[in-house]
Structures are given as C-alpha cells and as structure tokens.
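K.L.:
All chains, please: the whole structure from these sequences, using the hints.
Residue numbers (the numbering used here), protein chains in the order written: chain B, 1 to 306; chain Z, 1 to 145.
I should point out that these hints are in silico values taken from the structure, not numbers from a laboratory. Beta carbons are placed, not taken as given, at the ideal position from N, Cα and C, and that holds for glycine. Hints may contain errors.
Label pairs and their in silico Cβ distance ranges [to be verified]:
id, chain 1, residue 1, chain 2, residue 2, range
1, Z, 114, B, 2, 24 to 32 angstroms
2, Z, 126, B, 105, 28 to 36 angstroms
3, B, 234, Z, 86, 54 to 62 angstroms
Simulated pairs of lysine-lysine, BS3-like, Cα-Cα distance not exceeding 25 angstroms [as the list claims (entries may be wrong)]:
id, chain 1, residue 1, chain 2, residue 2
4, B, 147, B, 161
5, B, 115, Z, 105
6, Z, 97, B, 115
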Amino acid sequence: MNNKHLIDPMDLSIGEIDEIFNLAYNIINNPKEYSKICDGKILATLFYEPSTRTRFSFEAAMMRLGGKVLGFSEPNSSSTSKGETLADTIRMVAIYTDIIAMRHPLEGSARVASKFSTVPIINAGDGGHQHPTQTLADLLTIDRLKKGLVGHTIGLCGDLKYGRTVHSLIKAMSRYKGTKFVLISPKELRVPKYIKEEFIEKNNIEYVEVEKLEDVIETLDILYMTRIQRERFFNEEEYLRLKDSYILNEEKMKKAKEDMIVLHPLPRLNEIDMKVDNDPRASYFTQAENGMYVRMALICKLLGVC
Amino acid sequence: MLEITSIKNGLVIDHIEAGMGIKIFNYLHLDKSDYRVALIINAESKLLGKKDIIKIEKDNFEDIDYTVLGLLSPSITIDEVCNEKIIKKIKPKLPTKVTNILICKNPRCITGVEKYVPHSFILMDAEKGTYRCEYCDEITKLSEV
Chain B
1 MNNKHLIDPM
11 DLSIGEIDEI
21 FNLAYNIINN
31 PKEYSKICDG
41 KILATLFYEP
51 STRTRFSFEA
61 AMMRLGGKVL
71 GFSEPNSSST
81 SKGETLADTI
91 RMVAIYTDII
101 AMRHPLEGSA
111 RVASKFSTVP
121 IINAGDGGHQ
131 HPTQTLADLL
141 TIDRLKKGLV
151 GHTIGLCGDL
161 KYGRTVHSLI
171 KAMSRYKGTK
181 FVLISPKELR
191 VPKYIKEEFI
201 EKNNIEYVEV
211 EKLEDVIETL
221 DILYMTRIQR
231 ERFFNEEEYL
241 RLKDSYILNE
251 EKMKKAKEDM
261 IVLHPLPRLN
271 EIDMKVDNDP
281 RASYFTQAEN
291 GMYVRMALIC
301 KLLGVC
Chain Z
1 MLEITSIKNG
11 LVIDHIEAGM
21 GIKIFNYLHL
31 DKSDYRVALI
41 INAESKLLGK
51 KDIIKIEKDN
61 FEDIDYTVLG
71 LLSPSITIDE
81 VCNEKIIKKI
91 KPKLPTKVTN
101 ILICKNPRCI
111 TGVEKYVPHS
121 FILMDAEKGT
131 YRCEYCDEIT
141 KLSEV
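P.N.:
Written out as structure tokens, the structure reads:
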C-alpha cells in the first residue's frame with residue numbers, strides 16, 4: 001500500500017481496497033495462520049469520545065492478530081485534560097506503540113495526527129467528517145454478500161444530510177461501474193449538494209431522490225438504513241407525516257427483492273424493527289463482524305506484516 | 001469626476017471588487033509604507049459596475065505576492081508601470097494551496113481549537129472561486145469571505 005495512514009476512505013485506490021479485501025478473505029478463511037502475525041506489536045486506541053463498537057472492533061482485531069493494545073476510552077483519563085496539544089499526545093504515543101487508531105470529536109483531527117506521527121494513524125472517526133473503516137466494513141459486506149461491488153442499486157434511507165457513513169459510502173461506491181443510488185429521506189435531510197455534484201453527477205451515476213421507502217424498496221439490491229432523529233425535522237407535522245416511512249419492518253420487507261441485503265452502521269434505535277433481525281436478508285450484524293476482519297487486514301497492511 | 005494623477009513608476013492594482021480595496025490595502029500594510037499610495041473606492045467600471053483601484057508609487061515590486069491579491073479579489077488586474085508606461089499586465093491565477101489567509105468557518109474543525117495547526121486550503125474550482133479546508137473539507141467560496 002502506498003499510504004502510511006488511513007484518514008479518508010478516498011485515500012485508498014480501488015486496487016488498494018482489493019488488496020485489503022483479499023487479505024481479509026484470507027484471514028476469514030484461515031484465522032489461525034494470522035493469529036500471531038502481530039506478535040510484539042502494540043496498537044494504541046485513543047478514543048477522545050466514547051464508542052464501544054468501534055473501539056472493541058479495533059482491539060479485538062489486534063488481539064486476534066496476536067498483538068497487544070493500550071489506550072484510553074475518554075479524554076479525562078489522558079493528559080488532554082491537562083491541556084496537552086493533540087500533536088504532543090500523538091508524538092508521545094508514537095514512541096510507545098506501533099500503530100494508532102484514533103477517534104476524536106473534531107473534524108480533521110486525524111489528518112493533524114498523521115502529520116505529527118511517526119507510526120501509522122487510522123482514523124476511527126473524526127467528528128461528523130470521516131469514518132473510513134466503517135466504509136471498508138460496508139464495502140466488504142457488499143462484496144462478500146453480493147459477490148462484487150459493481151452493478152448494484154443502493155438505497156440509502158434516513159438522515160442523508162448529516163450521516164457521515166452515508167457520505168463516505170456514496171463517495172466510495174461512486175467509483176464502481178453500474179452503481180445506482182436511491183436516496184430516501186425527507187426534503188430537509190437530503191444528501192448535501194456538493195456530494196451530489198462532486199461524486200454522483202460528475203461520475204454520471206443514475207440517482208433518484210424520494211421521500212418514502214415503501215415506494216422504492218422493491219427496486220433495491222442493497223438497503224442502507226440510518227438513524228433519523230426527531231429533532232432533525234423542521235416541524236412536528238412533517239415528522240408525524242413521514243416518521244413511519246423511515247422504519248423498516250416485516251411488511252416493507254415483503255415488498256423487497258429476495259436477495260436484497262439490509263445494512264446499518266449501528267447502533268440502531270427503532271429504525272429497524274427487531275422482528276426484521278430474523279430475516280436472512282438482515283445483514284447488519286455480519287457487517288459488524290466484517291468490520292473486525294477488515295480492520296485486521298488494514299492493521300496488517302499498514303504495519304507491513306502481510 | 002475625481003482625478004488621480006498617473007504614476008511614474010509603480011503598480012496599478014485595478015478591477016478590485018468594490019469594497020475589497022481596503023482589505024488589500026490593509027493586507028499589503030500600505031498604511032505603514034513610506035511611498036505614495038492612492039486608494040480609490042467605488043470607481044466606475046464597465047466590467048464590474050463599481051470597482052476599487054490602488055495605485056502605488058514604488059520603484060521595485062518584487063516583494064508583492066500577486067497570487068494572494070488574486071485570492072482577495074479574483075477579478076483583479078495588475079499593471080506594472082515604468083517611466084509612465086505599462087510594461088507588464090498581470091492577471092493573477094488563484095493559488096492551488098493557501099495557508100493562513102482564509103480561515104475555516106466550520107466550528108467543528110480542528111484548526112479552530114489546536115491553534116498551531118495552519119488554516120490550509122486547497123483550490124477546488126478556480127472558476128467558481130472555491131477552496132476546500134485541508135483538514136475538515138469544508139468548502140469556502142471566495143465571494144462569501
């Protein structure tokens with residue numbers, strides 16, 4: 001891989017993504033072969049804001065590779081509470097460890113960290129900006145379950161304005177042939193104009209914007225659900241009119257294709273009815289599992305051990 | 001009509017978007033200079049309707065960064081004058097990267113908190129005059145600065 005760090009999902013070329021996925025598949029098929037490959041290596045998990053899932057996923061990934069983990073899960077237990085700059089924290093942690101996964105509430109923080117670090121930085125989420133390993137988990141899940149990344153009609157449903165996972169997925173999938181987007185959200189929460197212009201329209205990708213999931217679900221190969229918060233609606237009337245359109249339930253699933261897959265970056269609240277979990281098309285827990293495998297592959301690649 | 005005499009040697013910074021003249025004047029620290037300077041505000045312009053002009057009587061002009069002037073007002077033109085003749089007409093291009101001239105307006109951007117991090121922008125679209133923050137990707141339009 002050309003990159004020393006992973007800050008933005010678009011830092012990776014399609015070829016580099018393929019390389020990571022090939023390794024992830026090898027790890028899935030032969031976990032024992034990789035169980036000591038990071039012996040003697042240390043991953044730092046610097047979590048300036050809480051995140052159980054992502055932190056556990058990184059830590060489990062490193063432990064399954066035979067490496068060790070140290071870090072903090074909230075900034076009050078670090079020297080940040082004494083006013084230390086991010087640059088100094090990173091310089092210090094880079095002395096003690098071999099690779100750093102960092103989540104930080106400020107946008108662009110991972111890019112700053114990469115400029116001061118002598119070891120690879122993985123952006124584990126920088127505010128509402130980027131979350132590249134979630135995107136890799138999404139792509140690996142699509143690749144694994146839909147036998148490749150080309151020619152899919154992807155429905156993105158919920159809060160498409162503020163959801164960083166949605167923006168990253170649109171950018172990443174815009175590079176694959178035959179992609180079509182069905183953007184399902186209330187008018188106020190549509191995909192930002194610059195994303196449509198810079199990625200969808202520039203690549204001549206077909207897309208439609210609709211308000212109701214039930215109107216389009218039968219056309220989708222992949223349905224990517226996101227949480228939609230009540231306070232994001234402009235008025236209560238709109239919320240009451242549309243709220244059920246963004247909840248996936250058994251009834252809506254009846255209209256969907258037999259091989260459609262349902263993804264969600266998790267955690268979910270009520271946007272996917274728990275009864276849907278039993279449907280074989282519900283793939284969000286597989287997606288979380290793939291997140292760990294893809295992080296294992298990424299750690300190996302950035303450390304140069306595979 | 002107000003008359004400002006022509007200069008013998010120096011620069012004429014013309015076609016400055018009306019209202020931006022004072023910003024360029026301040027950016028170049030012309031108030032602290034010891035040479036003759038004229039700042040003309042709201043001059044008539046066929047192209048822009050109204051424009052500002054700065055005339056600087058100065059023997060050498062190597063120390064002025066023209067690309068930054070283009071950033072402050074993309075419509076700008078610069079005439080280098082020698083012995084009352086224009087020897088060079090310059091239309092500055094927008095720089096591909098600018099540091100610590102534009103300020104990121106995203107309140108959640110790291111540059112607003114970690115003060116040692118430079119405000120660094122990458123040119124996105126020269127025609128539209130848009131720049132992207134290197135850190136948070138927030139887009140800044142020069143016309144809105």
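K.L.:
Determine for every hint whether it applies to the structure shown.
P.N.:
Taking the hints in turn, this is what the structure says about them:
no., hint, in the structure
1, 114(Z) - 2(B): 24 to 32 angstroms, "holds (27 angstroms)"
2, 126(Z) - 105(B): 28 to 36 angstroms, "holds (33 angstroms)"
3, 234(B) - 86(Z): 54 to 62 angstroms, "holds (56 angstroms)"
4, 147(B) - 161(B), "violated (29 angstroms)"
5, 115(B) - 105(Z), "holds (22 angstroms)"
6, 97(Z) - 115(B), "holds (17 angstroms)"
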